[in-house]
Amino acid sequence: MKLRTFKGGIHPPDNKQWTSHKAIEDCPLPDELVVPLSQHIGAPSVVCVEVGQHVAKGQEVGSAKGFVSVPVHASTSGEVVAIESRPHPFGASLPAVVIKPDGEDSWSYNLQFTDPGSLTSDEVIEKVRQAGVVGMGGAAFPAHVKMSPPPEKPIRTLLFNGVECEPYLTSDHRMMLEESERVLQGIALLQYVYGAERVVIGVEANKPDAIALLKEQCAGASIEILPLEVKYPQGAEKQLIVAATGREVPSGGLPMDVGAAVHNVSTAAAVTDAVMLGRPLIERVCTVTGPAIKEPKNLRVRIGMPLSHLVEVCGGLVEEPGKIILGGPMMGFTQVGFDTPVIRGSSGLLLLREEDVAKSPEGPCIRCARCVQACPMNLLPTTIAAYARRDLVAETEEYCAMDCIECGSCSYVCPARIPLVQSIRYGKAALLAKKRNALL
Amino acid sequence: MTAAIALGIAAKKFAVEVDPRELAAMEVLPGVNCGACGFPGCAGYAKALVAGKIEPNLCPPGGAELVTKLARILGVEAVVMARQTAVVLCQGDNRKAQLRFRYLGLEDCNAAQRIAGGSKACPGGCIGLASCLRACPFDAIEITADGLAVINRERCTGCRKCVAVCPRNVIRMTPYESSIHVMCNSHDKGAAVRKYCQVGCIGCHICNKTVPDAYKVEDFLATVVYERDAEAVEAIVKCPTRCIRDFNEGYPEGSTFLPLKNDKSDAA
Amino acid sequence: MSQQLYMSSSPHVHAGETTSSVMRAVLYSLVPACGVAVYFFGMPALSVLLIATLGCLATEVVCQRLMGQAVTIADGSAAITGILLALNLPPSSPWWLTLLGAVIAIAIGKQVYGGLGTNPFNPALVARVVLLISFPVQMTTWSAPAPLGSGLDLVTTATPLGEWKNAVMLTGEMPAAMQGSMASYFLGNMPGCIGEVSALALLLGAAYLLYRRILTWHIPATYVGTVILLSGAFWLINPARYPSPVFHLVTGGLVLGAFYMATDMVTTPVSTRGMLIFGVGCGVLTVLIRLFGGYPEGVSFAILLMNAATPLIDRYTKPRIFGTARQGGSV
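Protein chains in written order, with this note's numbering: chain A, 1 to 440; chain B, 441 to 708; chain C, 709 to 1039.
Just so you know, not all the hints are guaranteed correct.
To be verified - With beta-carbon atoms standing in for the labels, derived distance ranges:
| id | chain 1 | residue 1 | chain 2 | residue 2 | range |
| --- | --- | --- | --- | --- | --- |
| 1 | A | A394 | B | L447 | 43 to 49 angstroms |
| 2 | C | L996 | B | F454 | 55 to 61 angstroms |
| 3 | C | W925 | A | G246 | 24 to 30 angstroms |
| 4 | B | G503 | C | S729 | 50 to 56 angstroms |
| 5 | A | A394 | B | A604 | 16 to 22 angstroms |
| 6 | B | D579 | C | T980 | 28 to 34 angstroms |
| 7 | C | Q777 | B | D459 | 45 to 51 angstroms |
| 8 | A | K2 | B | A604 | 51 to 57 angstroms |
Claimed, not checked - In silico lysine to any residue, SDA-like type, Cα no more than 20 angstroms apart, as pairs:
| id | chain 1 | residue 1 | chain 2 | residue 2 |
| --- | --- | --- | --- | --- |
| 9 | A | K359 | C | L984 |
| 10 | A | K359 | B | E547 |
| 11 | B | K601 | A | S251 |
| 12 | A | K434 | B | P480 |
| 13 | A | K434 | B | V605 |
| 14 | A | K359 | C | A723 |
| 15 | B | K629 | A | S85 |
| 16 | A | K16 | C | A723 |
| 17 | B | K601 | A | D391 |
| 18 | A | K7 | C | L878 |
| 19 | A | K359 | B | L539 |
| 20 | A | K359 | C | S728 |
| 21 | A | K434 | B | T681 |
| 22 | C | K1026 | A | A92 |
| 23 | A | K434 | B | L539 |
| 24 | A | K434 | B | V516 |
| 25 | C | K1026 | A | S85 |
| 26 | A | K435 | B | L539 |
| 27 | A | K7 | C | L984 |
| 28 | A | K7 | C | K1026 |
| 29 | B | K493 | B | V516 |
| 30 | A | K7 | C | W925 |
| 31 | A | K7 | C | T1032 |
| 32 | A | K435 | B | K629 |
| 33 | B | K601 | A | R389 |
| 34 | A | K7 | C | S728 |
| 35 | C | K1026 | A | A394 |
| 36 | A | K428 | B | G478 |
| 37 | A | K7 | C | T726 |
| 38 | A | K428 | B | V605 |
| 39 | C | K1026 | A | S251 |
| 40 | B | K629 | A | K16 |
Keep in mind the hints are simulated off the structure, nothing from the lab.
Glycine included, every Cβ here is placed at the ideal spot set by N, Cα and C.
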């Protein structure tokens, strides 16, 4: 039977064999945790503790600022030793709360079980917000904001993203296999809030064990398990929606415009913790993998653990890495070193050797159109990139640079090794700057 | 034949009235369309001048001569601005300054700056990917073999396009008459600078103590007080990192430009 | 941090192809056609191939040195232009004609525009057409096949298309003898340009390129399809006068043109719809020129004319962006 999919896309080798069969392992606490105040889309949190203060596990250390923001919490109990700028995964040094664990790892309050049936929809959303739940697929968008669409845009299709299309990463896969109860409970909670007509979990066909398990557990429930063709970027929100519903999110619009909402399966599990146990989002599963690490693992890490600690727990390095990538190889961020901490959206730590790094110099565009065929948004990447590099901002807008989801498919296939995504990003930045200047 | 006649008649009948002063101004303007004046090309500047709201001394490439000519055309008094030239305040090329990592991607300083602030360990130093060279309409900038941007003081007309495009703000406009500069743009403490650059300013104050009026040190970085630069010469040999340069004696290492006294090719 | 750490914008992995690997694949795909050409036409064909290829490579080196640019013959594109040019020349071409063609192809057809990726016209075809118009005699002196080792000299004769055009002009009818020779035309046993002759060898090479995804089906399929449809229409109207579609397929440079010349990536549209329009346009022009034009062969001119239209086609066939309606704007 032909599997549902979207137009365009690429087939990189999935490289999941390093970790897809390895159960999630708990990661021991390090000597220091660095909790950045900005780990999410939206306003950074405002620090609400002091240096020298003792904090309990799960205690709020930064409060949300405004609606599109979430609080950040201490990932373990200990003393706040500093509140200062520390290297952040996105490249700059940003304010963070530095905690020295006291080893007790004790919660701030007795976690109580709350029966979700006793809560209203708004109460559920508020608990999600207080717990600081953000999109765990990598984008880190505040979940409570997504759960509050305006009444004129009802959600008819609630989608759960178990696709994990990025090569190397297996954290969502293991979550579906080992913690399916938490995931499904979270799905039920979210369905309670959204009241959608159709609930779908999308899973790529390269995870047959997860598909079988979920089908078994959902037998009888009205949750559809939808196997999808293995293609990158099937896990991108718009591509998942079109594969599951056949409807395209309008350019410049949001999934709610076609009556859809998408949440990652790990986010659903975090919602369960937040609502039923009152636990804030202080840990996640991160796949530490790649040819340069001795023992690839799926680690359950606390937010704020330095990457150096993860490397140590995974047996150390095979050799000096050529690239340190936080996230997957297609959309992850390279890191300057191992000093940066794990944040809420960090789904993977990929260590490539020097020989794995693609270093070919750039050549002229030969108009082979592979990028055009690969683009899941049907753009002309070569044209947009060419205009962006010549600073022709109006033309980049004409060719719809803003519709680019920066998935990397175009750069992946380009034989001339042109940095297409980087050029398009550059063009988008120039376009946004121009629009901002026009408003001034 | 008919078409030619028709065109001739149309040219006369539908001619647009142009102020003769505007045409005269267009004649004397350099015609480079660099935009330094802030107007869309030389035509734009000429139009604005004649509309009466603008000073005639906004065109750096034209120099003092142009100001006098424009003033005469417009029938106004004009103040000639002192000639300025751009300088890249950095000597930290790939041999003297350290990199934190090797950058792969678009060969553009602004693009490189977005990748974790650029590969140079020094936050203020020249990235060397030639965005300024590409922006310069007068071919006044070169990149040395070791990746340092250098600006030719004679060819620079002061249009400021390089200053606008540099993400590090390492290019500064300085008076043309002042040839001595502290070639550093980093406000990091001396110990930190020493680690990543052999020729950076460590804020030791020696220049400032030798000639107090000619140098000021703020936030671990010295700058020449350009009004007193005649005295600044004394401190050049005293600087422990050889960070101060007199461009009249020569351009940074690796540059092909020659100072005016040695240069027989360029007209002043 | 470690000196060997790299940082870049995403993505951090690559499919592995380079411009050189793409060009190499095209070179491999041309080996069968070159082999058959040398088999049927012997030493003259081999020398045309060598002179054209080496001439193109040398011209590119000279041009790039003169322009102060890095020499890039290692990417293989000049070699391909050389081979394609050779395949478009008659086997009896004198060495100076071939060399001149090579120089024109690279210097005027490619380098003058800025090198690889910037030329609007197919360089090999530019050279061929310039030679055709400047030296019509040498460019239309054809030879019957004289296989390698047979010890025969090439004998001047007319191509099947030329023969048809002459016959039609004289008698208004297609010669009977031609009606039955399709199979031998397909294998390559006919007079023509070095590359025209064996459709089979060319198709083998094209199949390899399709498998490697360097070629996509859009242009060759629409080009050949349009030729079949249009020539078929005329043949049905008057089978005595107009050749059948099969004749069009196996004679002349249609297979060479449709699979190798019209698919040159640099000079053809990038969008799918654009490629289809390009293919149809080439097909229509080829048939019209063959049947009604002054020249017996229309492929070169058809492709060059469509190359000229490519920027226009690109402009008007921007693909429908995900999330927009057919006319643009939100869905």
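Results for each hint:
For A394/A paired with L447/B, a C-beta distance near 33 angstroms fails the hint of 43 to 49 angstroms. Between L996/C and F454/B the beta carbon distance is about 44 angstroms. The supplied range of 55 to 61 angstroms is therefore violated. Separated by about 26 angstroms at the C-beta atoms, W925/C and G246/A satisfy the suggested range of 24 to 30 angstroms. In this structure the supplied range 50 to 56 angstroms holds for G503/B paired with S729/C, their Cβ-Cβ distance being about 54 angstroms.
Roughly 19 angstroms separates the CB atoms of A394/A and A604/B, a value that falls within the hinted 16 to 22 angstroms. Evaluation of the 28 to 34 angstroms hint for D579/B and T980/C yields a failure: the beta carbon distance comes to about 43 angstroms. A hinted range of 45 to 51 angstroms for the beta carbons of Q777/C and D459/B is consistent with their spacing of about 47 angstroms. Checking the proposed 51 to 57 angstroms range against K2/A and A604/B shows it holds: the Cβ atoms sit about 54 angstroms from each other.
Taking the CA atoms of K359/A and L984/C, the gap is about 35 angstroms. The hint is violated against a cut of 20 angstroms. Taking the CA atoms of K359/A and E547/B, the gap is about 13 angstroms. The hint holds against a cut of 20 angstroms. For the suggested pair K601/B and S251/A, the alpha carbons sit about 35 angstroms apart, so the restraint of at most 20 angstroms is broken. For the hint linking K434/A to P480/B, the alpha-carbon distance of about 17 angstroms falls within 20 angstroms, and the restraint holds.
Of the supplied pair hints, the one linking K434/A and V605/B holds, its CA atoms being roughly 15 angstroms apart against a limit of 20 angstroms. At most 20 angstroms may separate the alpha-carbon atoms for a hinted pair to count; K359/A and A723/C meet this at roughly 13 angstroms. Restraint check: the Cα-Cα separation between K629/B and S85/A comes to about 17 angstroms, which is no more than 20 angstroms; the hinted pair holds. At most 20 angstroms may separate the alpha-carbon atoms for a hinted pair to count; K16/A and A723/C meet this at roughly 17 angstroms.
This hinted pair checks out: K601/B and D391/A have alpha carbons roughly 14 angstroms apart, not beyond 20 angstroms. A C-alpha spacing of about 55 angstroms is found between K7/A and L878/C, which places the hinted pair above 20 angstroms, so the restraint is violated. As the CA atoms of K359/A and L539/B are separated by approximately 18 angstroms, the hinted pair is consistent with the 20 angstroms bound. Note on K359/A and S728/C: the hinted pairing holds, with a Cα-Cα distance of about 15 angstroms set against a maximum of 20 angstroms.
For the proposed pair K434/A and T681/B, the alpha carbon gap of about 42 angstroms is over 20 angstroms, so the pair is violated. For the hint pairing K1026/C with A92/A, the CA-to-CA distance comes to about 38 angstroms; that exceeds 20 angstroms, so the pair is violated. Simply put, K434/A and L539/B have alpha-carbon atoms about 32 angstroms apart, too far for the 20 angstroms limit, and the pair is violated. Taking the CA atoms of K434/A and V516/B, the gap is about 36 angstroms. The hint is violated against a cut of 20 angstroms.
Proposed proximity of K1026/C and S85/A is contradicted: the alpha carbons are some 46 angstroms apart, above 20 angstroms. As the CA atoms of K435/A and L539/B are separated by approximately 35 angstroms, the hinted pair breaks the 20 angstroms bound. For a cut-off of 20 angstroms, the pair hint linking K7/A to L984/C stands: about 18 angstroms separates their Cα positions. Between K7/A and K1026/C the alpha-carbon distance is near 16 angstroms, which keeps this suggested pair within the 20 angstroms criterion.
A C-alpha spacing of about 12 angstroms is found between K493/B and V516/B, which places the hinted pair at or below 20 angstroms, so the restraint holds. For the hint pairing K7/A with W925/C, the CA-to-CA distance comes to about 17 angstroms; that is within 20 angstroms, so the pair holds. Between K7/A and T1032/C the CA atoms are separated by roughly 14 angstroms; this keeps the pair inside 20 angstroms, and the hint holds. Using a Cα cut-off of 20 angstroms, the hinted pair K435/A and K629/B is violated, with the two alpha carbons roughly 38 angstroms apart.
With a CA separation close to 17 angstroms, the supplied pair K601/B and R389/A stays within the 20 angstroms bound. A C-alpha spacing of about 28 angstroms is found between K7/A and S728/C, which places the hinted pair above 20 angstroms, so the restraint is violated. With a C-alpha separation of about 16 angstroms, the suggested pair K1026/C and A394/A falls inside the 20 angstroms cut-off, and the hint holds. Distance restraint check for K428/A and G478/B: the Cα-Cα separation of roughly 25 angstroms exceeds the 20 angstroms cut-off, and the hinted pair is therefore not satisfied.
Using a Cα cut-off of 20 angstroms, the hinted pair K7/A and T726/C is violated, with the two alpha carbons roughly 24 angstroms apart. Taking the CA atoms of K428/A and V605/B, the gap is about 17 angstroms. The hint holds against a cut of 20 angstroms. For the hint linking K1026/C to S251/A, the alpha-carbon distance of about 15 angstroms falls within 20 angstroms, and the restraint holds. This hinted pair does not check out: K629/B and K16/A have alpha carbons roughly 46 angstroms apart, beyond 20 angstroms.
Of the numbered hints listed earlier, those contradicted by the structure are 1, 2, 6, 9, 11, 18, 21, 22, 23, 24, 25, 26, 32, 34, 36, 37, 40.
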